[in-house]
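Visitor: Read off the chains here:
2 protein chains.
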Amino acid sequence: MTEATTETEDEHRPAENHEATVLLERARAEVDPVLRAVIGSLPGPLRRIARYHFGWEHADGTPATGGSGKAIRPALVLAAASALGGPAARATAVRAAAAVELVHNFTLLHDDVMDRDTTRRHRPTAWTVFGDADAILAGDALHALALRLLAQDAHPSAPAAVARLADCVVELCAGQQVDTAMEGRAPDEVTLDETLSMAEAKTGALLGCACALGALYADAGAADVAALDAFGREAGLAFQLIDDVIGIWGDPHRTGKPAGADLAARKKSLPVVAALTSGTPAASELAALYAAPHAEEDLERIALTVERAGGRDWAQAQAADRMARAMQELARAVPDPEAAGGLLALAEFVTRRTT
Amino acid sequence: MTEATTETEDEHRPAENHEATVLLERARAEVDPVLRAVIGSLPGPLRRIARYHFGWEHADGTPATGGSGKAIRPALVLAAASALGGPAARATAVRAAAAVELVHNFTLLHDDVMDRDTTRRHRPTAWTVFGDADAILAGDALHALALRLLAQDAHPSAPAAVARLADCVVELCAGQQVDTAMEGRAPDEVTLDETLSMAEAKTGALLGCACALGALYADAGAADVAALDAFGREAGLAFQLIDDVIGIWGDPHRTGKPAGADLAARKKSLPVVAALTSGTPAASELAALYAAPHAEEDLERIALTVERAGGRDWAQAQAADRMARAMQELARAVPDPEAAGGLLALAEFVTRRTT
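These protein sequence lines are chains U and Z, in that order.
Residue numbers 341 to 695, in the numbering used here, belong to the letters of the first sequence in order.
Residue numbers 341 to 695, in the numbering used here, belong to the letters of the second sequence in order.
Derived from the structure by calculation, the hints contain no laboratory data.
Predicted model, so just to flag it, every value in this text is computed and none were measured.
Beta carbons are placed, not taken as given, at the ideal position from N, Cα and C, and that holds for glycine.
Just to be clear, a hint being listed does not mean it is correct.
Unchecked claim - Chain U residues, not near chain Z, derived (Cβ > 10 Å throughout):
no. : residue
1   : 385
2   : 458
3   : 471
4   : 474
5   : 499
6   : 509
7   : 516
8   : 528
9   : 628
Unchecked claim - Okay, the calculated beta carbon distance ranges per label pair:
no. : chain 1 : residue 1 : chain 2 : residue 2 : range
10  : U       : 605       : Z       : 529       : 13 to 21 Å
11  : Z       : 529       : U       : 426       : 16 to 24 Å
12  : Z       : 676       : U       : 561       : 44 to 52 Å
13  : Z       : 525       : U       : 605       : 49 to 57 Å
14  : U       : 677       : Z       : 524       : 35 to 43 Å
15  : Z       : 401       : U       : 533       : 42 to 50 Å
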């Protein structure tokens, strides 16, 4: 599996989810100065790698205007703080939002090294440009900056937020560990439950943590923090399911990745594992195709076999189910639809229910 | 260069530095339960990798009694707290001591991956046993645990300590970045000043940070914190200089590494760079030897050439000079020799002035 890449898509989105677009742009505008300041504090070579990774510089150090991602996680922090504590809480949570974005990018730098992924946000990944060591070290530095930023915050919730973000890092690492271990296993040794758990750890955990941090900064009680965490997790899993569908059947111009790359790499993404474990005749056919040596010309046939084995339908139904659960959790913590609107718009944005 | 490996040496030390031995054993006894508890909180596979790395388990998960290092950094945290704040301050600093040890081990896990080092503390390195991805992820998890442990501490100095430890991580990464970049450069393109700066970042920074954290936990003023940081840095540089000497001329049974491994890998360690930049006839001879393909039988000749170019004498004189500076900084912050005794004993221990 590859982590959700929805944020790497084409910046030009339809107008249906205007609210999400505004929230994302506002989050990016508020968080970017904090990110640029802390990254500007890094020693020269590490700063250069980080600035390249964020899309602010080309490999030669000249300024770039590439996308540094959609700021979904920072927007979730700020929207959660706003939903539970209004504009005052939202204003206190900008550093926490930047910390979450730093953690996200630290894990991207490391995951790209481990997964040997060569493209991220339509550009060569940092390790392909600077080498493995530099990419690992830049990731380590962003990790330290993230926890430093939060720990230095004067907000009374900061210590709890650091603990939660550090726990989330451990969960992200555990998810990536299972993911890389699963890559080395035969397709028939992988269950759908463990693939879902892994996806929750790799993608759901940080979206949940983002929402939980926003709630903490709004001085919410434990039940509301837990509900917002669950909201983010379920939305994150929906996000990953849709992303895996796009990774097989999506338009490479929108995903920023070659068509069928996940299948070419024989990744055990959620639709693939659902198909493999479906007990259908197409499942056996798929297992044989996945066991065969990589052959570019087979990618369309593999995609069709995943679909015939029910992998695509399962993933779309699961995504809808996860989104419904996310909505339930959100309604529990934020019963006022007006206050919940921002989080709802962001969840719909990431799962593209409006497109 | 390779980071200081003194801690990997034979556990049986002469009795001359009894005070240091007692301080190290006491630090290990106090910090280990904290380390075992936080590492015990990790999810299964990450816990197993961490427990292997610390020498608590064999690769198959059965209990081991291998050394997990000498606890020099935790002992420095505790000794610094004690020197400036007595037993009460020392008692509050145990978590900070554990956090420093976690950071140290996180960087060892990552550095071993980048440097392709295969032996650590007389055992195969984690990446050789579990693979690169697992070693990187276990390192990331220890990093998160370290900052979490400190951030959750109720001590009023905890936020300042987190900031300092995170800054130190950035410096460690910057030092390792320069080190790996230098490996790819021609020997005549490397200056002694930048090699010393790199060694200070890679080894001095964390020993300085350990002492500074102890001072912070003793509620010391900024000048004393800075002096203890400088004490640790200078002692750390002395430590690295001596370690580099041992890396060339040391007994492999004591170092836990094959004889001449640093030379075989053409590492630009401090004595080597001093020799290469000495302007002597032996310097040119050494440059030619270092440019030639690796040949095991040449290692003795290379070692002799480094010595003839003055690399060994320079390193030993530098180490003595750095130790003198360390003593000055220590006397500034802790004028009472009785109170300073623990830190002094530890500094002498790491630089082996008593052996």
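Visitor: Looking at the structure, which of the earlier hints fail to hold?
Guide: 1, 3, 4, 5, 6, 7, 10, 11, 13, 14 and 15
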